[in-house]
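*Asks:* Using the sequences plus the hints, can you model the full thing?
Residue numbers (this note's numbering), protein chains in the order written: chain A, 1 to 454; chain B, 1 to 454.
Just so you know, the hints here were simulated from the structure itself, not pulled from any lab data.
Mixed in with the good hints there might be a few duds.
[Claimed, not checked] Below, in silico cross-link-like pairs of lysine-lysine (DSS-like), each with a Cα-Cα straight-line distance of 25 Å or less:
1. B:Lys192 <-> A:Lys142
2. B:Lys310 <-> A:Lys182
3. B:Lys7 <-> B:Lys259
4. B:Lys68 <-> A:Lys182
5. B:Lys142 <-> A:Lys192
6. B:Lys192 <-> A:Lys68
[Said to hold, decoys possible] Simulated DEER-style distance windows between Cβ atoms:
7. A:Ala191 <-> B:Ala138: 44 to 52 Å
8. A:Asp257 <-> B:Asp38: 42 to 50 Å
9. A:Pro302 <-> B:Gly427: 44 to 52 Å
[Claimed, not checked] Short derived list, chain B residues pointing at chain A, Cβ under 7 Å:
10. Gln93
11. Arg116
12. Ala138
13. Lys142
We put the beta carbon where it would ideally sit given N, CA and C, even for glycine.
Number of protein chains: 2
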Amino acid sequence: MSETNRKIRLGAFIMATGHHVAAWRHPQAEADAGHNIDHYRGLAQTAERGLFDLVFVADSPAGWDGDKEPEIRSRVSHSAHFEPVTLWSALSQVTDRIGFVATASTTYEDPYLLARKFASLDHISKGRAAWNVVTTAADVSKNFSIAGHPAHANRYERAEEVVDLVLDLWDSYEDDALVIDKESGVFLDPAKVHQVNHHGQFFDVAGPLNVARSPQGRPVVVQAGASEAGRNLAARTAEVIFTANQTLAAGQEFYADLKGRLAKYGRRPDQLLIMPGIFPVLGGTEVEAQENYEFIQSLVHPSIAWAILKQYYVGVDLSGYSLDDVAPPLPGDTELNKSRLKLVSDLASTGLTLRQLYLSLATARGHRTVVGTPEQIADAIEVWFNNGAADGFNIMPPILPTGLTDFVDQVVPILQRRGLFRTEYEGSTLRQNLGLERPVNRFLARDTQQQRSA
Amino acid sequence: MSETNRKIRLGAFIMATGHHVAAWRHPQAEADAGHNIDHYRGLAQTAERGLFDLVFVADSPAGWDGDKEPEIRSRVSHSAHFEPVTLWSALSQVTDRIGFVATASTTYEDPYLLARKFASLDHISKGRAAWNVVTTAADVSKNFSIAGHPAHANRYERAEEVVDLVLDLWDSYEDDALVIDKESGVFLDPAKVHQVNHHGQFFDVAGPLNVARSPQGRPVVVQAGASEAGRNLAARTAEVIFTANQTLAAGQEFYADLKGRLAKYGRRPDQLLIMPGIFPVLGGTEVEAQENYEFIQSLVHPSIAWAILKQYYVGVDLSGYSLDDVAPPLPGDTELNKSRLKLVSDLASTGLTLRQLYLSLATARGHRTVVGTPEQIADAIEVWFNNGAADGFNIMPPILPTGLTDFVDQVVPILQRRGLFRTEYEGSTLRQNLGLERPVNRFLARDTQQQRSA
Chain A
1 MSETNRKIRL GAFIMATGHH VAAWRHPQAE ADAGHNIDHY RGLAQTAERG LFDLVFVADS
61 PAGWDGDKEP EIRSRVSHSA HFEPVTLWSA LSQVTDRIGF VATASTTYED PYLLARKFAS
121 LDHISKGRAA WNVVTTAADV SKNFSIAGHP AHANRYERAE EVVDLVLDLW DSYEDDALVI
181 DKESGVFLDP AKVHQVNHHG QFFDVAGPLN VARSPQGRPV VVQAGASEAG RNLAARTAEV
241 IFTANQTLAA GQEFYADLKG RLAKYGRRPD QLLIMPGIFP VLGGTEVEAQ ENYEFIQSLV
301 HPSIAWAILK QYYVGVDLSG YSLDDVAPPL PGDTELNKSR LKLVSDLAST GLTLRQLYLS
361 LATARGHRTV VGTPEQIADA IEVWFNNGAA DGFNIMPPIL PTGLTDFVDQ VVPILQRRGL
421 FRTEYEGSTL RQNLGLERPV NRFLARDTQQ QRSA
Chain B
1 MSETNRKIRL GAFIMATGHH VAAWRHPQAE ADAGHNIDHY RGLAQTAERG LFDLVFVADS
61 PAGWDGDKEP EIRSRVSHSA HFEPVTLWSA LSQVTDRIGF VATASTTYED PYLLARKFAS
121 LDHISKGRAA WNVVTTAADV SKNFSIAGHP AHANRYERAE EVVDLVLDLW DSYEDDALVI
181 DKESGVFLDP AKVHQVNHHG QFFDVAGPLN VARSPQGRPV VVQAGASEAG RNLAARTAEV
241 IFTANQTLAA GQEFYADLKG RLAKYGRRPD QLLIMPGIFP VLGGTEVEAQ ENYEFIQSLV
301 HPSIAWAILK QYYVGVDLSG YSLDDVAPPL PGDTELNKSR LKLVSDLAST GLTLRQLYLS
361 LATARGHRTV VGTPEQIADA IEVWFNNGAA DGFNIMPPIL PTGLTDFVDQ VVPILQRRGL
421 FRTEYEGSTL RQNLGLERPV NRFLARDTQQ QRSA
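*Replies:* Encoded structure:
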């Protein structure tokens with residue numbers, strides 16, 4: 001693709017009531033969003049109307065802050081969220097073009113079952129499935145009959161193994177393995193079905209997968225880790241990466257770093273799309289946008305404010321502080337999501353008060369907040385896109401469904417007028433729309449390699 | 001419900017190309033059914049047009065006969081099948097009333113993830129989900145990094161534990177746990193969310209589940225085991241049981257036995273619905289039906305015929321036999337599905353030739369085959385329903401989609417005219433249509449019990 005034809009990729013990062021921590025309290029929020037399929041259906045259809053490439057849900061296989069005091073528990077809206085593949089499969093039948101990125105954990109899910117559900121989704125959606133690979137930072141081991149939550153390094157070792165195993169399983173069947181000749185009674189060609197015979201550090205899986213090769217060859221692989229281990233895993237295996245960067249400089253650093261790592265794995269820069277998160281607070285005028293922002297910030301209950309701060313000040317006694325005191329330095333290394341911690345630590349060191357700190361965390365959990373008119377939001381997008389910080393953006397509406405509807409109705413047309421965004425879908429699969437190639441079957445690729453080296 | 005108002009329950013047992021082992025070769029079969037979502041969509045919509053209670057898919061988390069010789073492998077159509085919950089979730093959005101029974105294994109799936117996906121499906125389908133509990137008879141351990149396939153007794157011990165654990169997880173949230181008061185900022189009442197704190201022989205799971213209580217209270221629990229352990233598990237926990245019986249006497253024995261076991265667990269006979277499988281081969285006349293039957297039987301390739309026989313004659317040398325020899329006795333106990341084995345053993349002892357035996361197995365894998373006109377099929381259904389052998393039937397069309405369409409168009413109207421089958425859905429959830437109560441939350445039921453005994 002020539003540089004002049006380069007188009008922005010857009011994802012809608014769906015979080016039940018919206019990305020603001022107090023979103024559910026907003027009059028425009030669908031407060032029971034988490035278990036309301038009609039709400040999600042509307043969001044997917046709105047994103048498709050806006051010609052978005054994809055919708056995305058984050059996930060953790062646990063959702064209850066059982067360790068927190070009842071006062072906090074009672075005010076948190078994360079009570080119920082659908083299993084992501086189950087959710088997206090439903091919505092694949094009421095949409096035609098939008099891609100579906102579902103999160104699944106390499107630490108807590110079984111690789112065979114994981115491979116199977118995503119391959120199923122790719123068939124069912126006719127080529128619109130993607131897997132967001134996560135290692136699950138939070139300790140949810142108590143739900144899984146295992147000795148304890150693996151440490152960061154161990155989780156990434158396991159993730160490296162699981163991703164390779166799942167990629168192999170997805171390629172168990174060659175594209176033309178199914179002969180289906182009614183006359184002769186030959187259904188398939190066994191020579192074109194591959195055992196994976198995986199024997200690794202963590203898993204032994206014979207295969208093959210019990211799902212034929214899927215329309216995209218295999219689902220698109222998405223990642224979001226920003227640690228050293230996360231960046232390497234992404235450079236080796238990811239096709240899309242979601243990231244949280246607050247400043248253009250940080251975005252450029254991340255972009256250049258990731259693209260620079262690809263050659264080591266024999267990959268081209270255009271084989272990995274980088275999509276930072278952006279939290280757009282819209283208004284008809286700058287003043288109105290600011291008022292909208294301040295209104296939603298005002299909905300954060302003080303108990304939640306302190307709870308947010310305590311998430312990061314692990315082991316620090318904040319009882320002597322008021323919210324208007326300058327934020328003290330954060331403690332060092334913890335097992336909490338490290339890239340998030342770095343970002344918060346940077347924020348805390350800029351002289352913010354604790355109130356300013358929790359408010360900036362409440363908005364977008366560390367992602368880039370842009371408050372302004374539709375033109376200003378479009379500007380903020382264009383600058384990063386044209387200056388080596390992004391191939392696209394993961395739009396994180398503060399409140400749902402209105403935050404997404406407003407973006408589609410007000411910002412998308414501006415991006416289209418500027419020639420930065422599509423005016424119709426290029427293809428029918430997610431890969432086609434993202435401009436990613438349909439991958440060669442890994443078993444065939446290996447055969448070719450072996451022939452070359454012979 | 002009074003006896004006179006008693007209505008037949010109907011399930012459509014969906015197997016990709018149909019239940020006949022050679023179904024895929026039939027001119028009317030959708031040969032690529034296994035990975036064709038439009039095929040499944042049509043089936044679910046046809047079943048709903050026929051006012052069926054439910055559609056059902058069997059499942060095993062492996063699908064490849066890798067141990068068999070290529071000649072057999074090449075002729076078997078089980079290459080690709082969707083993960084059942086992913087499949088049904090998709091179809092829940094293009095139907096309104098039909099229930100969805102998905103199979104999932106207590107031996108190979110994680111209980112927390114299993115509970116979550118089914119609870120998600122119950123929300124997404126607005127109360128139409130059911131879990132068919134299986135222990136997975138076939139050894140698929142090679143795909144799951146475990147030491148080996150657990151023996152029958154161990155599988156059932158595990159199943160007893162998993163079912164209880166999953167039932168508890170589904171009740172983690174009380175129906176009114178979510179307060180969602182935007183004004184005060186109270187989202188939920190922590191006192192109405194329950195940890196399950198399960199510490200069993202096989203699993204330790206703290207909970208709660210991260211999905212709110214679902215529209216049906218919880219998905220309907222379905223089972224199909226016919227061994228002693230299977231019958232006890234069903235009597236204690238199942239709400240629907242699928243069964244394979246060839247004769248009215250066998251059907252009556254099974255029905256009376258299962259219903260008789262319920263009192264021991266404090267349950268009423270109407271809390272467990274018994275639905276035998278029936279394999280209907282339709283024709284406009286008796287002669288035509290018989291011709292249709294013989295035609296599809298003729299599609300069984302000889303290699304497949306011998307392979308079917310060898311599945312049951314484990315360790316027996318059949319090389320001296322021709323297909324027209326009388327079937328020798330079957331070997332004794334194996335780890336193969338025991339209820340199936342018993343049935344085949346009974347068949348083999350009636351003096352059938354090996355050809356007659358494989359042909360009777362090829363039709364419906366041990367289920368009751370009825371060949372005849374629509375009136376005769378309706379008669380076959382009515383006799384069992386009115387004589388203590390069935391509350392309903394799991395219809396197993398030989399060929400799909402035509403076998404289901406024909407049943408809906410030709411047999412359903414007869415059952416309706418006879419007053420045996422509904423003319424419109426009674427409710428919007430699967431429980432309502434099956435006449436099953438919405439269960440009281442298990443944590444509340446325990447509280448009540450404790451109060452009574454205090």
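*Asks:* Now look at each hint and say whether the structure bears it out.
*Replies:* Hints, verified against the model:
1. For the suggested pair Lys192 (chain B) and Lys142 (chain A), the alpha carbons sit about 20 Å apart, so the restraint of at most 25 Å is met.
2. At roughly 24 Å between alpha-carbon atoms, Lys310 (chain B) and Lys182 (chain A) fall within 25 Å of each other, so this suggested pair holds.
3. Our distance criterion of 25 Å between C-alpha atoms is met by Lys7 (chain B) and Lys259 (chain B), whose separation comes to about 18 Å.
4. Proximity of Lys68 (chain B) to Lys182 (chain A) is assessed by CA-CA distance (about 21 Å); at most 25 Å being required, the pair is judged to hold.
5. Restraint check: the Cα-Cα separation between Lys142 (chain B) and Lys192 (chain A) comes to about 20 Å, which is no more than 25 Å; the hinted pair holds.
6. Distance restraint check for Lys192 (chain B) and Lys68 (chain A): the Cα-Cα separation of roughly 15 Å lies within the 25 Å cut-off, and the hinted pair is therefore satisfied.
7. Range check, Ala191 (chain A) to Ala138 (chain B): Cβ separation about 24 Å, and the 44 to 52 Å hint is violated.
8. At about 44 Å, the beta-carbon gap between Asp257 (chain A) and Asp38 (chain B) stays in the expected band of 42 to 50 Å.
9. For Pro302 (chain A) and Gly427 (chain B), the Cβ-Cβ distance of about 45 Å falls inside the hinted range of 44 to 52 Å, so the restraint holds.
10. With a cut of 7 Å, the hint placing Gln93 (chain B) at the interface with chain A holds, because the nearest CB-to-CB distance is about 4 Å.
11. For Arg116 (chain B), the interface hint holds, since its Cβ comes within 7 Å of a Cβ in chain A; the closest pair sits about 5 Å apart.
12. With a least beta-carbon distance of about 12 Å to chain A, the hint placing Ala138 (chain B) at the interface is violated under the 7 Å criterion.
13. Evaluation of the Lys142 (chain B) hint against chain A yields a held restraint, the C-beta minimum of about 4 Å falling below 7 Å.
The structure fails hints 7, 12 (numbered hints given earlier, in ascending order).
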